[in-house]
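J.: Please put together the full structure from these sequences, using the hints given.
In order, the protein sequence lines correspond to chains G and H. If you're matching positions, the first sequence starts at 1 in the numbering used here and goes up one per residue. If you're matching positions, the second sequence starts at 408 in the numbering used here and goes up one per residue.
It is worth saying that the hints were derived from the structure and are not from the lab. Don't take each hint at face value.
Claimed, not checked - Output of the computed footprint for chain G on chain H, the stretches with three or more beta carbons under 8 angstroms from beta carbons of chain G:
hint : segment
1    : 612-626
2    : 644-651
3    : 664-672
Think of the CB as a built atom: it goes at the ideal place given N, C-alpha and C, for glycine as much as any other residue.
If you want the building blocks of each chain, they are given just below.
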Amino acid sequence: MSKFDSRLRAALVAFLVAALPAAGAQERGVTDTSIKIGALGPFTGKAALFNPLNYGSIAYMRYVNDMGGVWGRKFDIVLGDSACAEAKGIAAAKKLIFDDQAFMILGNPCSGVAMAIKPTLIQENVVWSGVSANPRIDGSVGSGGDGPPPKYMFHTTPNGYFSGLTMGKFMMTKPGAKRIAFVAHTNDWARGYCDPAKEYIEANGGEVVLDTAMERGSTDATAQVLQIKAQNVDGILGCLYQPELVVLLKDAHKYQLGVPVIGALGADFGQTVQQVGNPDAVNGVFFQGHLYKDKIGAPSLEWARQILVKYLTKDELPSDGEPTHFYYFGMFNGIGVVEGFRRAGRELTRDTYIKAVETLNDFDTNLGAGRVTITADQHIGVSNMFFNGLDEKGNEVIFTAYGKPLH
Amino acid sequence: MLALLPQLLVSGIAIGMLYALIALSMTILYRATTVVNFGHGDLVMVAAYLLTIFAVNATLPFVPALLLSVAVLFAFGFLLHRAFIWPIIRGPHLSLAMMAIAVGYSVRGLVRLEYGQEAVRMPRPFAEKIFFVNNVVITLDEIAFCVVVLVMLVASYVVFSKTRFGRIVQAMFQTQRGASLVGINVMQYNNVIWGVGCALGALGGVLLGLILILDPDVGAWTLLRGFAAMTLGGFGSLHGAVVGGLLIGVLEKVLGTYVSTAFIDITCYLVIIVVLLIRPRGLFGQHATLRV
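T.: Right, here's the structure in full:
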C-alpha cells in the first residue's frame, strides 16, 4: 500500500467517524416520511375567534399532504391550545417542543403568548412562523425591532409594525386629513400598530390630537367617542381587537362622528361588519388592512376557498360553513411556510429550512396583496397591503388608497 | 368639554338602568336567602343565548322566545336553589358563595363548548333607532331599558310591599327560623324567589343582548356592575338597587370622559371599596346579616 493510499484510508476513517454521529442524529420532528408541525393557538377560551388563523394554515398543509407532501414527507400537525393566555401558552408550547418534538411552531395568534414563549423558542432553536403582531417578537431594525431578527423566527405576513404603518399611510391619503385620533388597548399588541402609524402621520403633516385607551372587555365607548367628538378629528385609528372595535363603530355611529375608522388586523373584517349589524355604522366609514389580492369571494381567490372548505371539518369552519378573512390570513402563512419546505429540499434541518426561507424574494402566494421577501436581516415577509371597506350601498370594495378602488 | 355633560348624564342613566335591573334581580335573591349569588352574571348571559337559540334555531318570534327564555331561567333558578343551595343552606357562608360561583362557571363552560369560537348577535325585536333631543343622542334601546326597568321596579314594589307573598318574603328576610315556626314553607318560598330573581336576570340578559355581542364571558361584566349597584344602594333594598345602578352608570361615563377612560372599568370596584369602608349598609340598606 502506498503512503498516499494509507493517508487516504486514514482520512476516510476519520471522516466516517466524524460523520457517523451526524448521520445517526435525527432533526427534531423530521422523519423520512413526516414533518411534525405544532399549531399553537387559542382553540378554547374567549380568544378562540382567532383560531381560524391556525386553521387556514392547517387546511393548506392538509391539501399539500393530499398532493403527496413535500420531498416525500407529509405534515403531521399537532394542535397546542394556548387559550391566548401566557401561562397556558408556555405549557402548550413546551409540550409541542419537548413531548411532541415538533420541528416548527406555527400560527400562534396572540402576541402575549408569542412573547412569553420566545425565550424557550430561542433556547431550543425552534423554528417559528407566526401571525401575532407585536413587532418585538421577530421584528428587526426597519420592522419595529432594534437588532437582528431571532434566527429561526419569521413572519410570512406583515407584523404589527408594517400593518400600523400602512394604517397611517391609508389615513393620510384621505384628502385634507390632519387631525387624527387613536383608540387603542393598553398593551404591546396595540402599541405595535399605533406607534408606527403615529410616526408616519406626524412625519407626513398630520397630528395625533387624541390617543385614548379602551380596555379589553369594554362594552361601551361613549367616553372615547365623546372625547373624539370634542377634538373635531378627520379620522380614527382603532388599534383594537374585534369585540372592542365593534363597540367603537357602534358608538361612533350613535354619536354621529361621521369620520372614517381604520381598524387593525386583530379583527376579522367580515365578522366585524356582521357584528356591528347596522350598515349605516360601517358603510363608507369602516376600513381595515386587507392582505389579499382581491376581495374574499372574488373568482381569483376561489381556489383558496375550495381548499379551506374541502380540508377543514365542519367544527373547524364557522357555523355557516363559509371561511372568513382570518382563514385566508392563516392560509397566507401556510403557503409561505410550505414554500420554505419546498426550497429546503430533502435534506431538512432547521438551518437548511431557515436558509431556504431567507431566499423568498418577491414570492407570489397567489393570495396576497403583497409579495413575500425574507432576508437574513429582515424576517417580516410582507410590508404592504390593500385596504378593505364598504361603499355606500354596502358592497365590499378593495382600496389602494383612500377613495381609490383597486378595480 | 362641559357641553358633553347632558349627553353623559343621559347615556349614564340609560346604561345605569340595565345595571339596576341586574342589581334588582340579585337583590330579590338576597332578600330570600341573604346570599349574594355570585353566579348570577352567568345566568343573565345564558338568557340572552337561550333567546337566540329559540328565535334563530327554533325560528320562534321574538316575544315567545323571550317568554320561553324567562320561563327557562325561572325554572333554572327554582331548581338551582332546591338542588344546590338549600341542601347546604345551614353551612358556612363561604360554601354558599362557592356553590353559586361553581354553578355559574359550569354554566359558562357549557355555553363555551357550543359558542366558544364565535361571537353571537342576538336577534332584535325592533330596528336600531336614534333620536336627538337638543343635540343629546338617545337610542330606542335606551328608552327600552328605562321602560322595562321602571315597570319591573313598580311590579317588584307592589309584589314585595303590597301582597301576602311579599310580606312572607319580608318575614323570611328578617328571620328564616321565625318564619318557619309560624308555618311558612321557607324552602318552597325560597325556590320561587330564586326563580323570580333569575327570571328578572333573564330580562336583563335580553336587554344586554340588544347592545352587546354575546360571548360566554359577558356575565362577569354584568355581575360586577350588578354587585356594585347592590352594594351602593344597600343590600336588600329594591329601590336602592335601582339608585345604585343609575349612579354607577353616570359615574362611569363622567369619570371615564373627564378624568381617564381607565375609570370606565374601575368605577364599580372603587364604588365597592368606598361604600364598604364608609357606609357598609349602602345608601338604603337595612340591617341584616350578609351571607356571602
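J.: May I ask which of the numbered hints given earlier this structure violates, with the numbers listed in increasing order?
T.: 2
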